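Visitor: For the first sequence, the working numbering begins at 5 and goes up steadily by one.
Hints are computed from structural coordinates only; laboratory data are not their basis.
Careful: at least some of the hints might be erroneous.
Here are the simulated BS3-like pairs of lysine-lysine, each with C-alpha atoms no more than 27 Å apart in a straight line [as the list claims (entries may be wrong)]:
#	residue 1	residue 2
1	LYS727	LYS795
2	LYS461	LYS423
3	LYS532	LYS190
4	LYS550	LYS224
5	LYS449	LYS334
6	LYS843	LYS854
7	LYS586	LYS573
8	LYS191	LYS475
9	LYS475	LYS502
10	LYS71	LYS586
11	LYS784	LYS695
12	LYS71	LYS628
13	LYS341	LYS419
14	LYS727	LYS69
15	LYS69	LYS581
16	LYS586	LYS240
17	LYS684	LYS695
18	LYS71	LYS581
19	LYS224	LYS479
20	LYS355	LYS479
21	LYS754	LYS40
22	LYS805	LYS724
23	LYS193	LYS475
24	LYS190	LYS52
25	LYS269	LYS232
26	LYS461	LYS432
27	LYS461	LYS449
28	LYS355	LYS367
29	LYS784	LYS805
30	LYS573	LYS52
31	LYS658	LYS628
32	LYS136	LYS511
33	LYS191	LYS232
34	LYS269	LYS189
Quick list of the computed label-pair ranges, beta carbon to beta carbon [to be verified]:
#	residue 1	residue 2	range
35	ASN126	ASN248	38 to 48 Å
36	ASP520	LYS419	51 to 61 Å
37	PRO543	ASN621	28 to 38 Å
38	GLU753	LYS795	20 to 30 Å
39	LYS642	TYR478	27 to 37 Å
40	ASP344	GLY546	54 to 64 Å
Owing to the predicted nature of the structure, the values given are computational and were not obtained by experimental measurement.
Note that the Cβ used here is the ideal one computed from N, Cα and C, for glycine as well.
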Amino acid sequence: MDSPHTKKIKKMIKNNNIANKSNKESKNEDFWCEGKYNPEIIERKWQKYWAKNPDNFSAKDDSDKEKAFILDMFPYPSGAGLHVGHVESYTATDIYSRYLRMNGKNVLHPQGFDAFGLPAENYAIKTGIHPKETISNAVEVFKRQIDSMGFSYDWSREVNSSLPEYYKWTQWLFLLFYKNGLAYKKKAKVNWCPKCQTVLANEQAENGKCERCESEVIQKDLEQWFFKITDFIEDKGKTSGLLNGLEKIDWPNSTKLLQKNWIGKSEGAQFKMAVILNEAERNEESRKNKTRSFANAQDDKHFIEVYTTRIDTVFGMTYAVVAPEHEILKRVQDDIKNLDEVEKYINESKKKTDLDRMEAKVKTGVEIKGIKVVNPFNGEALPLFVADYVLSQYGTGAVMAVPAHDERDFEFAKKYKLKIKEVISGDKKDGEILTDDGILINSSKYDNLNSEEAREKLTVWLEEKKIGQRKINYKLRDWLVSRQRYWGAPIPIIYCEKCGEVPVPEKDLPVELPDDVDFKPTGESPLKYSKKFQEVRCPKCGGEAKRESDTMDTFVCSSWYYLRYADPKNEKEFASKEKLEKWLPVDLYVGGAEHSVLHLLYARFFTKVLHNLGYLNFDEPFLKLRHQGTILAEDGTKMSKSKGNVVNPDDVVKEFGADALRIFEMFMGPLEDMKPWQTKGIVGVRRFLEKVWKMQTRINDQGTVNNKIQNIKLNTLIHKTIKKVSADIEAMRFNTAISALMILTNEMEKQEEIQITNYQLLITLLSPFAPHLAEELWEKLGHNESIFLQKWPAHDPELIKDEEAELIVQVNGKVRDKIIVSADISEEEAKKIAFEREKVKIHIAKKEIKKVIFVKGRLINVVI
RNA sequence: GCCUUGGUGGCGGAAUUGGUAUACGCGCUAGUCUUAGGAACUAGUGGGCUUGCCCAUGAGAGUUCAAGUCUCUCCCAAGGCACCA
5 MDSPHTKKIK
15 KMIKNNNIAN
25 KSNKESKNED
35 FWCEGKYNPE
45 IIERKWQKYW
55 AKNPDNFSAK
65 DDSDKEKAFI
75 LDMFPYPSGA
85 GLHVGHVESY
95 TATDIYSRYL
105 RMNGKNVLHP
115 QGFDAFGLPA
125 ENYAIKTGIH
135 PKETISNAVE
145 VFKRQIDSMG
155 FSYDWSREVN
165 SSLPEYYKWT
175 QWLFLLFYKN
185 GLAYKKKAKV
195 NWCPKCQTVL
205 ANEQAENGKC
215 ERCESEVIQK
225 DLEQWFFKIT
235 DFIEDKGKTS
245 GLLNGLEKID
255 WPNSTKLLQK
265 NWIGKSEGAQ
275 FKMAVILNEA
285 ERNEESRKNK
295 TRSFANAQDD
305 KHFIEVYTTR
315 IDTVFGMTYA
325 VVAPEHEILK
335 RVQDDIKNLD
345 EVEKYINESK
355 KKTDLDRMEA
365 KVKTGVEIKG
375 IKVVNPFNGE
385 ALPLFVADYV
395 LSQYGTGAVM
405 AVPAHDERDF
415 EFAKKYKLKI
425 KEVISGDKKD
435 GEILTDDGIL
445 INSSKYDNLN
455 SEEAREKLTV
465 WLEEKKIGQR
475 KINYKLRDWL
485 VSRQRYWGAP
495 IPIIYCEKCG
505 EVPVPEKDLP
515 VELPDDVDFK
525 PTGESPLKYS
535 KKFQEVRCPK
545 CGGEAKRESD
555 TMDTFVCSSW
565 YYLRYADPKN
575 EKEFASKEKL
585 EKWLPVDLYV
595 GGAEHSVLHL
605 LYARFFTKVL
615 HNLGYLNFDE
625 PFLKLRHQGT
635 ILAEDGTKMS
645 KSKGNVVNPD
655 DVVKEFGADA
665 LRIFEMFMGP
675 LEDMKPWQTK
685 GIVGVRRFLE
695 KVWKMQTRIN
705 DQGTVNNKIQ
715 NIKLNTLIHK
725 TIKKVSADIE
735 AMRFNTAISA
745 LMILTNEMEK
755 QEEIQITNYQ
765 LLITLLSPFA
775 PHLAEELWEK
785 LGHNESIFLQ
795 KWPAHDPELI
805 KDEEAELIVQ
815 VNGKVRDKII
825 VSADISEEEA
835 KKIAFEREKV
845 KIHIAKKEIK
855 KVIFVKGRLI
865 NVVI
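I would like the entire structure built from these sequences, with the hints used as guidance.
Guide: Below, the structure is given as structure tokens:
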């Protein structure tokens with residue numbers, strides 16, 4: 005089979021097998037390049053070439069071609085270097101970008117670094133090395149590693165969130181929010197370590213203990229900066245809200261749902277309940293009068309407000325509960341008979357962190373003696389409790405308790421032996437309560453209504469009596485953006501004794517981070533210790549003033565970076581309107597699912613604010629979003645440094661080549677799936693590349709065709725492959741695209757001679773996946789111009805039509821035979837042929853044929 | 001507890017509107033290549049037996065000429081939320 009020439013080449017390859025890693029390159033470089041696929045050499049060669057010809061990949065501000073903005077989530081440059089997970093998503097966007105460019109699109113495909121954040125600061129505390137240095141070293145490593153993968157980023161647009169020329173605009177945006185009432189200061193509960201005298205992030209205060217000194221963390225009210233994200237939950241002006249906006253973007257449903265749940269919209273009713281303070285008022289007559297008249301009472305000592313989504317169960321209320329922080333407790337404290345007990349409970353609750361409260365499995369509470377509340381619907385006087393299973397921050401901080409139809413109330417009522425009154429009938433299991441909707445019972449004139457109808461009527465009643473109304477609540481709170489940390493963008497505010505809170509004038513931006521900061525934990529925001537930084541003149545009155553010493557949450561920096569790529573060097577604006585209009589919004593965004601909520605929600609919020617203020621002409625930043633699935637270690641567990649099972653891309657590139665690694669990561673499975681690494685699996689991909697490489701020795705460039713029939717079949721396959729690979733790349737099904745390329749390669753390999761045009765098509769189809777190999781082979785075929793300046797091939801619809809088809813013959817749905825027929829065979833003809841087949845005859849035997857089902861070109865099913 | 005996504009050979013995974021289950025790759029088996037070697041080549045590879053038939057897509061039922069795909073019940077795994085009234 006093999007020609008003498010091929011045999012000779014094979015022998016050469018054999019004698020110099022690639023497993024031999026000893027460095028023989030120097031001996032005879034020409035020979036090596038000729039005979040053997042050596043990714044180490046060709047990858048370096050083409051990376052150099054691409055670096056010298058950045059125009060091949062760069063985004064053109066002045067081009068008329070249709071734009072496409074393909075974005076990766078910019079990485080945090082950690083000291084650990086690039087991870088195989090980075091490689092996975094970057095390869096996906098690189099393939100997509102290269103494909104789009106070859107299809108004539110003007111592609112913006114930038115990369116940058118999310119360089120502020122805790123790890124570098126903690127490292128500085130430990131080692132004394134300045135975060136600036138740590139980060140710049142890590143960035144260098146990342147860039148080298150990224151380039152070694154052959155990713156076609158437009159480095160001329162690189163951003164780094166820790167550089168003053170970037171965070172100047174983060175600060176500018178803060179001031180924009182501030183001036184528009186969207187950034188404000190208020191007291192907020194924070195985790196506070198009394199020994200370190202500092203605020204701790206939630207993750208530093210796990211289990212209520214300080215990460216550093218192990219002492220008990222307490223909750224402390226401190227002045228903190230917030231962004232008013234809750235203003236943008238619903239549509240605002242021309243801007244769609246964070247909820248509605250989700251409907252028009254192409255994101256994974258699970259991610260949209262996560263955001264929805266995080267926002268946590270709930271629709272219900274809020275109403276007032278009269279508070280009875282003493283025995284005298286509990287007399288039947290006065291209570292009734294109270295019920296009817298309290299709505300007009302100006303003295304709010306006399307009622308509490310509760311929120312519920314289940315007003316249909318209101319007749320089942322047997323008690324009410326307020327959170328320990330509820331203000332009613334102070335207002336009525338003179339009337340509380342067991343004040344000592346109540347105060348003790350409140351104080352204990354205050355000590356608990358939110359985490360403790362949530363983790364407490366047993367509900368606790370204390371009845372407030374001497375006080376009753378009145379259910380306005382039936383005038384019943386009910387006991388009032390204080391219990392920390394009711395959250396002060398949500399709703400009104402007070403709830404009506406319906407133990408018959410709410411799990412939490414049921415649990416509490418069982419423990420304190422409170423009445424349980426059923427008011428909804430429906431199916432329920434023994435020993436359990438009914439929490440679903442049903443038909444109302446024991447609810448006076450509302451009996452026999454279903455829950456939904458009842459909710460409507462009861463709410464209307466509340467509104468008519470002016471004691472309540474419809475109410476929508478959200479779980480989402482405003483975004484706390486201030487951090488008592490060094491390595492972040494300083495908040496551009498100055499405090500003057502005379503003028504108070506003064507924003508830093510725009511001309512004075514950026515407020516630069518001082519270098520002369522001691523990182524050792526002193527207990528306060530490190531910026532407080534830089535005199536140079538702290539002591540300033542008030543921009544308004546020129547008097548002595550102090551700078552805000554808090555920095556911004558790193559999520560602020562990452563909420564707008566995608567906008568900066570449009571105009572990364574602009575010194576006058578965060579980006580010019582013209583360039584924003586040219587490049588934004590992002591057409592495809594790829595990154596980890598761990599950002600489903602915070603980063604992606606904050607970025608959407610920023611976009612909506614800027615749209616509302618007229619800076620942007622769109623209100624959703626990322627039109628299409630996909631997540632890359634986690635790559636697990638070979639044993640199916642998560643890769644982690646401590647387990648020592650982390651795969652370093654550098655090692656893989658060294659052993660198998662960047663092209664092999666790229667293709668392998670795409671071939672492992674669907675992009676979004678979690679999948680385990682298999683070092684052996686990469687061997688198959690490498691073999692595939694070798695096969696493509698070796699085919700160059702059997703090229704027929706004379707245009708003669710030896711086997712016409714074979715050639716027609718191959719042509720069909722080639723055009724089918726063009727169609728499939730194109731469709732798969734567009735749908736980001738890279739695994740099946742590669743599989744199709746393998747099938748084509750295997751088929752071409754069987755040919756005695758390979759037509760040069762076919763080989764060129766194969767290489768072109770492969771080029772986005774294995775860019776180095778493709779460039780090298782393309783050059784060897786005598787082309788002077790980069791393969792990436794070629795047009796992506798189009799398939800010929802005429803050529804993908806099969807002449808013949810394999811018709812499946814079934815009897816009663818079971819496959820009994822397969823026949824090769826002409827693809828457009830008619831039902832009559834197919835029947836005729838099928839009934840003549842021995843295998844069919846046997847199965848039909850003498851039975852009567854009831855029905856024949858025919859699917860054109862596919863199958864014929866005989867039903868007996 | 002609630003929500004979401006999944007469960008297909010020894011492994012990673014394919015499978016259009018329901019229409020050949022296991023494509024492609026790994027691994028494995030046998031063989032080939034004038035030393036050896038495999039990250040080379042060739043062929044085979046879901047299971048069972050009576051060798052042309054039966055059984056197989058987490059389990060069980062249902063709809064259909066036909067189910068991995070649709071419907072219901074249950075089991076398991078991963079991820080998210082978690083006292084939000």
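Visitor: Does each hint hold? Answer for all of them.
Guide: Each hint, compared with the structure:
1. LYS727 with LYS795: holds (15 Å)
2. LYS461 with LYS423: holds (26 Å)
3. LYS532 with LYS190: holds (20 Å)
4. LYS550 with LYS224: holds (23 Å)
5. LYS449 with LYS334: At roughly 37 Å apart (the allowed maximum being 27 Å), LYS334 and LYS449 break the hint.
6. LYS843 with LYS854: Roughly 18 Å between the alpha carbons, so the hint for LYS843 and LYS854 holds.
7. LYS586 with LYS573: Cα-Cα ~16 Å, so holds.
8. LYS191 with LYS475: holds (26 Å)
9. LYS475 with LYS502: Distance ~42 Å between LYS475 and LYS502 Cα, so the pair is violated.
10. LYS71 with LYS586: With a Cα-Cα distance of about 8 Å, the restraint between LYS71 and LYS586 holds, given a limit of 27 Å.
11. LYS784 with LYS695: holds (16 Å)
12. LYS71 with LYS628: Within the cut-off at roughly 15 Å; holds.
13. LYS341 with LYS419: The given pair, whose Cα atoms are some 22 Å apart, holds under the 27 Å limit.
14. LYS727 with LYS69: Cα-Cα ~23 Å, so holds.
15. LYS69 with LYS581: holds (19 Å)
16. LYS586 with LYS240: holds (25 Å)
17. LYS684 with LYS695: Roughly 18 Å between the alpha carbons, so the hint for LYS684 and LYS695 holds.
18. LYS71 with LYS581: holds (16 Å)
19. LYS224 with LYS479: Judged against 27 Å, a Cα distance of about 22 Å means the pair holds.
20. LYS355 with LYS479: Given pair LYS355, LYS479 holds - Cα atoms ~23 Å apart, limit 27 Å.
21. LYS754 with LYS40: Holds, at roughly 20 Å.
22. LYS805 with LYS724: Given pair LYS805, LYS724 holds - Cα atoms ~9 Å apart, limit 27 Å.
23. LYS193 with LYS475: holds (26 Å)
24. LYS190 with LYS52: At roughly 54 Å apart (the allowed maximum being 27 Å), LYS52 and LYS190 break the hint.
25. LYS269 with LYS232: Holds: LYS269 and LYS232 sit about 17 Å apart, inside 27 Å.
26. LYS461 with LYS432: Distance of about 25 Å is within 27 Å: holds.
27. LYS461 with LYS449: holds (11 Å)
28. LYS355 with LYS367: With a Cα-Cα distance of about 16 Å, the restraint between LYS355 and LYS367 holds, given a limit of 27 Å.
29. LYS784 with LYS805: Violated: LYS784 and LYS805 sit about 33 Å apart, past 27 Å.
30. LYS573 with LYS52: With a Cα-Cα distance of about 25 Å, the restraint between LYS573 and LYS52 holds, given a limit of 27 Å.
31. LYS658 with LYS628: violated (34 Å)
32. LYS136 with LYS511: With Cα atoms ~25 Å apart, LYS136 and LYS511 stay inside 27 Å; holds.
33. LYS191 with LYS232: Holds, at roughly 14 Å.
34. LYS269 with LYS189: Since the Cα atoms of LYS269 and LYS189 sit roughly 25 Å apart, the hinted pair holds (cutoff 27 Å).
35. ASN126 with ASN248: 38 to 48 Å: The hint (38 to 48 Å, Cβ to Cβ) holds, given that ASN126 and ASN248 are roughly 40 Å apart.
36. ASP520 with LYS419: 51 to 61 Å: holds (58 Å)
37. PRO543 with ASN621: 28 to 38 Å: Given a distance of about 33 Å, which is inside 28 to 38 Å, the answer is holds.
38. GLU753 with LYS795: 20 to 30 Å: holds (26 Å)
39. LYS642 with TYR478: 27 to 37 Å: For LYS642 and TYR478 the Cβ distance comes to about 33 Å; the hint holds.
40. ASP344 with GLY546: 54 to 64 Å: holds (55 Å)
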